[in-house]
Amino acid sequence: MTPPELGPLELSGAAVLLGATIGLSAWQRLELGRTILVAGLRTTVQLLAIGFLLAAVFSWRSPFAIAAILMAMSIVAGHAAASKQAGVRRVLSPWLLSGALFSSAIATLLYVGGLLRLAPDRPDLWIPLGGFILGNSMAASAVAAERFLAAGRQRRDEVECLLSLGAPAKEALRPITREAFRAGLIPRLSAMMVMGIVKLPGIMTGQMLAGQEASQAAMYQILVMFTLLFSDTIAIALTMRLLFRRVVTPAEQLRHDLLRGPP
Amino acid sequence: MTGKALELEGVGRRGDDRWLLHDVTVRAERGEIVHIAGPSGSGKTTLLRLLARLDEAQSGEVRILGRSITEWPVRELRRTVGLVPQEPFLLPGTVEDNLRSAERWAPTPRARSRTELEAALAVCGLEGAWLDRVGDVLSRGERQRVALARTLLMEPSILVLDEPTSALDPMQARQLGASLLGWARERQATLVQTSHRFEEIRRLGGSLWVLVEGELVETGSVPDVLDAPRTRAAQVFFSEPEPEPTP
Chain H
78 MTPPELGPLE LSGAAVLLGA TIGLSAWQRL ELGRTILVAG LRTTVQLLAI GFLLAAVFSW
138 RSPFAIAAIL MAMSIVAGHA AASKQAGVRR VLSPWLLSGA LFSSAIATLL YVGGLLRLAP
198 DRPDLWIPLG GFILGNSMAA SAVAAERFLA AGRQRRDEVE CLLSLGAPAK EALRPITREA
258 FRAGLIPRLS AMMVMGIVKL PGIMTGQMLA GQEASQAAMY QILVMFTLLF SDTIAIALTM
318 RLLFRRVVTP AEQLRHDLLR GPP
Chain S
235 MTGKALELEG VGRRGDDRWL LHDVTVRAER GEIVHIAGPS GSGKTTLLRL LARLDEAQSG
295 EVRILGRSIT EWPVRELRRT VGLVPQEPFL LPGTVEDNLR SAERWAPTPR ARSRTELEAA
355 LAVCGLEGAW LDRVGDVLSR GERQRVALAR TLLMEPSILV LDEPTSALDP MQARQLGASL
415 LGWARERQAT LVQTSHRFEE IRRLGGSLWV LVEGELVETG SVPDVLDAPR TRAAQVFFSE
475 PEPEPTP
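Top to bottom, those sequences are chains H and S. Residue numbers for the first sequence follow this note's numbering, beginning at 78 and rising by one. Residue numbers for the second sequence follow this note's numbering, beginning at 235 and rising by one.
Worth flagging that the hints you see were computed from the coordinates, not collected in a lab. Every value quoted in this text rests on a predicted model; they were computed, and no experiment measured them. Some clues are possibly wrong.
[What the hints assert, rightly or not] Which residues of chain H face chain S? A partial, calculated answer using Cβ under 10 angstroms:
| hint | residue |
| --- | --- |
| 1 | 87 |
| 2 | 238 |
| 3 | 239 |
| 4 | 240 |
| 5 | 242 |
| 6 | 245 |
| 7 | 298 |
| 8 | 330 |
Quick reminder that beta carbons are idealized off the backbone N, C-alpha and C, glycines included.
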């Protein structure tokens with residue numbers, strides 16, 4: 078089945094739903110009418126703009142152009158991840174974080190691209206997939222980085238006690254790294270635990286709307302979930318490594334100045 | 235290895251807005267007992283942390299057993315300078331698990347017998363039956379003593395203790411002090427400890443270093459410094475009442 082093509086009429090129909098939501102909000106005196114209107118307008122303008130932009134980008138059918146665009150997206154993601162958590166930016170350069178996200182996205186993309194036999198000159202496939210991976214690993218590594226610093230602050234005495242016993246810094250910080258890793262991965266693992274039971278995931282729903290068979294859509298969803306879990310793990314591991322090198326000196330001392338909370 | 239146990243030459247470390255320790259020059263012989271006294275915030279803990287290289291001196295030089303601290307492989311240094319912090323951390327598990335953790339990072343690990351573990355506990359005033367207790371339920375003073383026993387099992391040449399008796403009553407403090415003195419003498423180990431208890435310092439003897447606002451204001455034998463402090467800062471400090479232990 079081919080999905081119906083959308084035009085101004087269908088979009089106007091969608092706008093009726095937005096108008097109805099504003100009406101319901103007014104009826105319930107939620108005082109959210111203005112916010113809903115602005116959110117609706119922003120969604121429309123931003124998505125139409127990105128649609129036109131992507132149409133232009135997709136015409137650059139070069140693997141180098143794809144890599145350059147992914148790099149630009151990683152830089153934005155790295156800066157967004159750093160600024161999301163107040164303490165992280167102070168300790169870790171957003172550029173380093175961008176590098177970690179770019180590396181994890183490229184490693185994952187190359188594998189998945191090979192698996193799906195994607196042609197190297199198909200930006201219309203690589204870029205949305207890359208963006209999806211980056212967006213997810215950005216959130217996971219931001220959470221993990223914040224937890225690493227918070228746990229480092231709270232468990233400083235424990236780490237230094239182990240260092241005093243002659244433990245290597247890597248081992249002394251292992252409980253902290255583990256805690257941060259878990260914080261970064263648990264949302265993804267929890268989602269995987271209830272996948273398909275509580276709700277149908279967005280990609281699967283989208284694919285079925287786009288005419289894909291349910292079994293094919295399910296298999297794509299499995300691939301996507303494993304891909305995201307892998308890229309999250311690589312991104313968190315790289316972020317942990319960068320943070321470790323920042324907060325532990327070559328003489329295996331903790332940098333208290335960097336572990337302090339945000340001012 | 236030759237040289238003195240500890241040598242500090244013009245050692246300093248800065249905090250955010252002041253010197254935590256400033257221009258400290260002092261030495262301790264092997265087998266010497268050194269007490270470090272001074273008001274809160276005077277730099278005692280900072281000095282102990284520098285000895286275990288948990289922090290870096292920003293000026294001057296620290297030498298341990300005749301060798302610059304920066305030339306030591308850091309893990310070997312930390313097993314040579316056994317530091318027990320004031321708020322020690324016990325690993326999850328029993329007291330025995332904790333004592334055995336000291337072997338985990340030894341350059342040549344060897345399994346200790348229960349008798350050896352019991353002997354280390356005995357130095358710290360705890361009986362062998364404590365080995366099976368779980369660390370979580372211990373009081374602060376008990377945790378401190380288990381952590382001390384764990385460090386003793388590393389057989390450090392220099393034992394560095396931050397307020398080891400702060401959570402003990404005077405009787406327990408006296409027993410622990412005497413027992414540690416015996417342990418140190420038997421091994422020709424140097425014992426460096428911070429303390430607020432002047433009576434205990436006097437009983438154990440050795441040397442006394444007094445720090446006030448990051449400056450080393452007095453050094454000398456315990457009776458000399460306690461009975462006739464030369465500086466005004468030390469006189470003021472010694473005239474203050476001793477703090478109560480915090481259980």
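When the hints from earlier in the document are held up against this structure, which numbers fail? Hints 1 and 7 contradicted; others consistent.
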